[in-house]
Amino acid sequence: MATQAEHQSTRRDFLFVATGAVGAVGVGAVVWPLINQMNPDASTLALASIEFSLVGIEVGQSVTILWRGLPVFVRNRTPKEIEEAKAVPLSELKDPATDEERTKEGHENWLIMIANCTHLGCIPVGESGEYDGWFCPCHGSVYDTAGRIRKGPAPKNLVLPPYEFISDTLIKIG
Amino acid sequence: MAGSSSMLKIKTILAAVTLSAICALPATAQEHETVHIEKQNWSFAGIFGTYDTNQLRRGFQVFREVCSSCHSANLIAFRTLAEEGGPHFSEGQVKALSAEYDIADPSADDGTRKGVASDFWPAPFVNEQEARDANGGALPPDFSVLAKARGVTDAFPWWVTNYFTGYAEGGPDYIHALMNSYEETPPEGVEIPEGKHYNAVFPGHAIGMAPPLADGIITYVAEEGQEPVPETVDQYSKDVSAYMMWLAEPGLVSRKETGFKVLLFLILFAGLMYATKRKIWSGIEH
Amino acid sequence: MGAFPMSEHSTYIPGNGVEKWIDERLPIIRFSKEHLMDFPTPKNLNYWWTFGGILAIMLVVQIVTGVILAMHYTPNIAMAFNSVEHIRRDVNGGRIIQATHAVGASMFFAAVYVHIFRGMYFGSYKAPREILWLLGVLIFVLMMATAFMGYVLPWGQMSFWAATVITNIFAAIPIVGNPILELLRGGFAVGNPTLNRFFSLHYLLPFVIAAVVILHIWALHVPGNNNPVGVEVKSDRDTLPFHPYYTMKDLYGIVLFAIPFAWFVFFIPDILGHPDNYIMANSQVTPAHIVPEWYFLPFYAILRAIDFNILFIDSKLGGVIFFAGSIVILFFLPWLDNSKTRSGTFRPMFKWFYWLFVLNFVGLTYLGSAPAEGIYVVLAKICTAYYFIHFLIILPVLSRIETSRPLPTSISESVLGKAH
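Going down the list, the protein sequences come from chains A, D and Y. Letter by letter, the first sequence follows residues 0 to 173 in numbering that gives the first Met the number 0. Letter by letter, the second sequence follows residues 0 to 285 in numbering that gives the first Met the number 0. Letter by letter, the third sequence follows residues 0 to 419 in numbering that gives the first Met the number 0.
In case anyone wonders, no lab produced these hints; they're calculated from the structure. Being a predicted model, the structure only gives us computed values, none of them experimental. There's no promise every hint is true.
Calculated pairs, DSS-like style, for lysine-lysine (alpha carbon to alpha carbon, straight line, at most 30 Å) [unchecked claim]:
id: 1; chain 1: Y; residue 1: K42; chain 2: Y; residue 2: K339
id: 2; chain 1: D; residue 1: K113; chain 2: A; residue 2: K171
id: 3; chain 1: A; residue 1: K171; chain 2: A; residue 2: K103
id: 4; chain 1: A; residue 1: K171; chain 2: D; residue 2: K94
id: 5; chain 1: D; residue 1: K38; chain 2: A; residue 2: K103
id: 6; chain 1: D; residue 1: K278; chain 2: Y; residue 2: K339
id: 7; chain 1: Y; residue 1: K233; chain 2: D; residue 2: K278
id: 8; chain 1: A; residue 1: K103; chain 2: D; residue 2: K195
id: 9; chain 1: D; residue 1: K38; chain 2: D; residue 2: K195
id: 10; chain 1: Y; residue 1: K32; chain 2: D; residue 2: K278
Every beta carbon over 10 Å from chain D, so not counted as near; a handful from chain Y, in silico [claimed, not checked]:
id: 11; residue: A55
id: 12; residue: V207
id: 13; residue: L406
Positions of the beta carbon are idealized from the N, C-alpha and C atoms, including for glycine.
Turn these sequences into a full structure, and let the hints guide you.
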């Protein structure tokens, strides 16, 4: 008698647990898509990586392009700027990085950086400031010719987006 | 496979039932005329329906070589041609294809630039007025969702069966029928205005579009190991209808796959819930 | 007896100090336990009663999917149509979420019709549940307004012409009709201001519905549930606690209901809609056959049926009066049916007339979709007349002449009487 009751109650427990577990799986399967819909959609993701042709940007010129909604500086640096950047000892830098680390090998004239100041996101002005690089008018951060922070409240160098050279004149950002 | 053959059987039975019923109900016909549209066997019909990649590619070829010279498809990005469940071209093919088109871009030097995968299919005409002017006053409709904007009306009460068979291919059925229902000389007593063409299934029968397809106008290149496909109006129109269905419903395959899983889950869960409910209520008179 | 004041059946004893602390300040746990767990519910409720729970879930489904769609939708006449396509094509899972919302509207109405007709058969509107019924009719009216405005948002041809036709109903009102029409549309025709305000109100009204639903449940919990025999609860032996008995039964009903729902969403998401709504709104072309969504068809048939002038009232205003009247009359149902017997099961004559009414309603639905010509026009007039005759003549007369079958003395007796 007792064993039968026990037997029945285990079967009952098993059923309840199974139903509850399947129900939980169902709830999870419903909830996740309802959250996931907020992630970037297919049209946004299609713009996650762009190709950009460097043809026509002369030495000493820079252009600002848009990538993932962010402005990106593409600068063809002069030999003088490269020299200046290389000459700086790492010990002088707030966020130490060599010029080689800031550019791609064999394309060291090209400096490609996200154009938002690492302080609070303003766009610095090019070819200005005491280090011949960028000067942020908002709160006075100064960057050098490799986009490294030299003075002011910004903590970090201008951020480099992930990019690669597909050919000498074509880059793929993202 | 078993699924699709049983679907076929169900459809045959339903067709037979429908047919006999139509025969049995002679002149209850309503005042307004109903055009008979022959339903086709689409690969994307039914619970397990999927697009036939090769058919979509052929349909894309028909669209590109014939339709797209007048019809736009504004909501279609090149990138979607590479999506799984669709024509599934390679990324490289899509990139090369998009680069063949000039895209208007005010930020580009001369106002246009080469297309990229994220661009949308460029329209053949700059605006509606230009499209009308080039087409004798008629506006060629945009293809983006056209396959869902057309349908087949089944007479009462036969449409009720569509709810159970899951018939959702009225658009491609109509488009296929439209392509195959042109007649050079309209039947006696039907006047077709200058510049219009007689089409048996088009509402009002006078359509602005000249017969766009003819046997042999498009050359299909069969890939290795594939059966050559007939180059006929019937085949072209089937292919382009399937392609248009994909344009209108690009996520159909994954939607149906998910749906099948959801239904299985719900049936299992309903069974468990029933058992649990019975257990809880056991011993209670109600 | 029968009436349960709101805190009499409380068995809640705070388990620990924290619960006690909360209970003295905001007795929310006590409230939940009383109304969601322990609430005494007649033991003989059948599956038609699960539709209340199904409707609660449907409201949640519509609000959740709707809030999500609003994250991606643009209420502007130039962009609305394409933004809905953007949801279907690009947004992660967007096609399913959009289809759930669109099909969900139909499922919601299907469930509400079952719920209403259940109430009509079992006399759930009778004393002391009149306010419960009135609130229910109010919810139904709010649902219709919400669904109508939601249907306009995708800005297809049917959206646009539905908005035009339905707002025009108000123009039938003498003198103030046209000013009201312009006020509703925010212009001389349906346009961008109309779309914008419909979006705003379509977002607002579901929350109003939710509030009225709370009142509806409150009004339910004062007298307690009606039940299939229509005899009030007399003792504890007639009831079961809501949880786990009815929570499980309702959940089972909800899962069953989800099966056809999923069938529509995943396999035929467009079958309940109209192909013309995949054509962007065009103010210069009316679609060949404009039909409202199926759940409006019975009332639409009544609107169209009046094609003749009644004395000094012209046919347009007449149609509007009958259309509005067909809904307003529902508010008076508790006083039109005076029979002391609640449940249709024990009313031999009412039963027949009830099913005749259902048949007539289904007929009106069909006629609403049929072209307004030939035999359909005549049938629509007959069905419209019968609709009103049922409420105004049949029900009052029945309650005078009908003799009910003997009622069981209690729910538990009726349950034991059943052969198991």
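Against the structure, the hints come out as follows:
no.: 1; hint: Y:K42 - Y:K339; result: holds (22 Å)
no.: 2; hint: D:K113 - A:K171; result: holds (16 Å)
no.: 3; hint: A:K171 - A:K103; result: holds (13 Å)
no.: 4; hint: A:K171 - D:K94; result: holds (14 Å)
no.: 5; hint: D:K38 - A:K103; result: violated (60 Å)
no.: 6; hint: D:K278 - Y:K339; result: violated (37 Å)
no.: 7; hint: Y:K233 - D:K278; result: holds (27 Å)
no.: 8; hint: A:K103 - D:K195; result: violated (63 Å)
no.: 9; hint: D:K38 - D:K195; result: holds (26 Å)
no.: 10; hint: Y:K32 - D:K278; result: holds (23 Å)
no.: 11; hint: A55; result: holds (17 Å)
no.: 12; hint: V207; result: holds (31 Å)
no.: 13; hint: L406; result: holds (18 Å)
Hints 5, 6 and 8 from the list above are not met by this structure, while the remaining hints are.
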